[in-house]
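From just these sequences and the hints, can you work out the full model?
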Amino acid sequence: MLKPKIISFLQIKTLAYASLGGAVFLFLGLPIPLLIGPMLGCLVAALIGFQLKGFNKISILMRTVLGVAIGSTFTPEILSEIGQLGASLIIIPLFLLVVCAVGYFYFKFLGFDTGTSYYGSIPGGLVEMLVFGDKAGANVRALSLIHATRVLIIMLVVPFVVTTIWDIDLTRPPGVHINQVPILEIGLMIFAAITGWRLAVLLKVPGATILGPMVLTSILTLTDLIHFRPPVEFIWGAQFFIGLGVGIRYSGVTRVEVRQYILSALGYCLLLGFISLLFVLVIVGLLDTSPIDTLLAYLPGGQAEMGIIAIVTNADVAYVISHHVLRLILVLLLVQVFAKWILK
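Sequence positions in the sequence shown follow this note's numbering and run 1 to 344.
Simulated from the structure, these hints should not be mistaken for lab results.
Here the structure is a predicted model, which is why all the values come from computation and not from measurement.
Possibly wrong hints are sitting among the right ones.
[Stated by the list, open to error] Below, a list of computed lysine-lysine pairs in the DSSO-like style, where the Cα atoms sit at most 30 Å apart:
hint, residue 1, residue 2
1, K340, K13
2, K135, K340
3, K57, K135
4, K57, K204
5, K108, K135
6, K340, K108
7, K135, K204
8, K108, K57
9, K344, K108
10, K13, K204
11, K340, K204
12, K13, K135
13, K53, K13
14, K344, K204
Take a look at the structure:
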């Protein structure tokens with residue numbers, strides 16, 4: 001009887017492309033090398049025509065690590081700033097409405113069908129948009145590439161903006177090493193990661209791999225049981241596999257798809273950047289919030305990816321992620337409500 005393979009040859013090759021990208025970024029001293037490097041390594045391999053395959057189970061575990069890292073930032077000091085946080089969160093629905101409206105008419109102008117234009121304009125969870133779009137008869141391949149490009153461009157641009165404007169070193173370790181974290185706290189982090197994830201799955205919470213561990217870890221942090229983020233080695237692993245996961249979304253892409261879908265998505269990204277910048281300038285002016293925190297909070301990238309960027313930039317992670325969680329919740333609550341009106 002043949003034993004099941006633990007890892008396929010295709011996955012080994014994918015790992016090699018990602019590792020090569022990470023090594024190049026490390027050698028050149030570029031920002032967030034273990035996130036952006038693997039992402040671009042896999043992207044280039046996909047555009048050349050190489051087949052890629054991800055690591056679903058490992059990626060899930062890495063996302064739980066990120067959830068723990070985010071939850072560990074919810075300290076009592078953060079709660080004292082809840083007023084300013086609430087004032088900024090109130091603006092998220094308006095931001096989401098503007099982004100979706102502009103994106104919808106943009107894609108319609110380019111000739112996309114109504115379903116693809118609608119679900120392509122919504123900066124929500126990739127999986128949810130693909131599922132909803134498929135049921136509505138939208139072009140699922142176009143949706144996949146549009147949202148993958150949105151996440152990829154934000155991940156590429158933000159580190160260079162941050163290093164240029166705020167002169168932040170994004171090559172430094174995002175935390176302390178494993179030998180500096182008490183073994184008991186590492187055990188609590190593992191408990192929070194696994195238990196939080198499984199409970200969130202049972203409760204059918206969206207984004208369970210991140211939100212479940214995040215909530216449970218925040219409770220352990222606020223009750224003074226956890227005082228550290230996950231060791232830097234864990235966060236590096238999360239960066240690597242999340243970056244790899246973004247890059248492999250382009251596996252099998254054709255020249256026609258690049259011309260029709262990816263170039264259209266690049267134009268949408270320019271609009272997103274312009275809208276986000278306007279909202280950031282207004283919010284910083286009205287509420288006197290931190291410019292870098294507000295920028296990371298209002299750029300509609302992926303929740304996991306923005307969480308990593310917030311951690312490595314030493315931004316207020318709780319502030320940033322609260323906005324992305326609210327954005328995701330609003331999308332999941334309202335996307336099908338508006339779909340009945342727009343797609344009728």
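Status of each hint after checking the structure:
Annotation: proposed proximity of K340 to K13 is violated, straight-line Cα distance about 44 Å (limit 30 Å). Proximity of K135 to K340 is assessed by CA-CA distance (about 12 Å); at most 30 Å being required, the pair is judged to hold. A threshold of 30 Å between alpha carbons decides the hint, and for K57 with K135 the separation of about 26 Å falls inside it, so the pair holds. Between K57 and K204 the CA atoms are separated by roughly 18 Å; this keeps the pair inside 30 Å, and the hint holds.
Between K108 and K135 the CA atoms are separated by roughly 19 Å; this keeps the pair inside 30 Å, and the hint holds. Under the criterion of a C-alpha separation no larger than 30 Å, the hint pairing K340 with K108 is consistent with the structure, at around 18 Å. Restraint check: the Cα-Cα separation between K135 and K204 comes to about 20 Å, which is no more than 30 Å; the hinted pair holds. A hinted pair counts as satisfied when its Cα atoms are at most 30 Å apart, and K108 with K57 does not qualify at roughly 37 Å.
Among the hinted pairs, K344 with K108 is consistent with the structure: their alpha-carbon atoms are about 16 Å apart, no more than 30 Å. Taking the CA atoms of K13 and K204, the gap is near 34 Å; set against the 30 Å cutoff, the hint is violated. Restraint check: the Cα-Cα separation between K340 and K204 comes to about 23 Å, which is no more than 30 Å; the hinted pair holds. The hinted pair formed by K13 and K135 fails the criterion: a straight-line CA distance of about 34 Å is larger than 30 Å.
For the suggested pair K53 and K13, the alpha carbons sit about 9 Å apart, so the restraint of at most 30 Å is met. A hinted pair counts as satisfied when its Cα atoms are at most 30 Å apart, and K344 with K204 qualifies at roughly 28 Å.
Hints 1, 8, 10 and 12, counting from the list given before, are not met by this structure.
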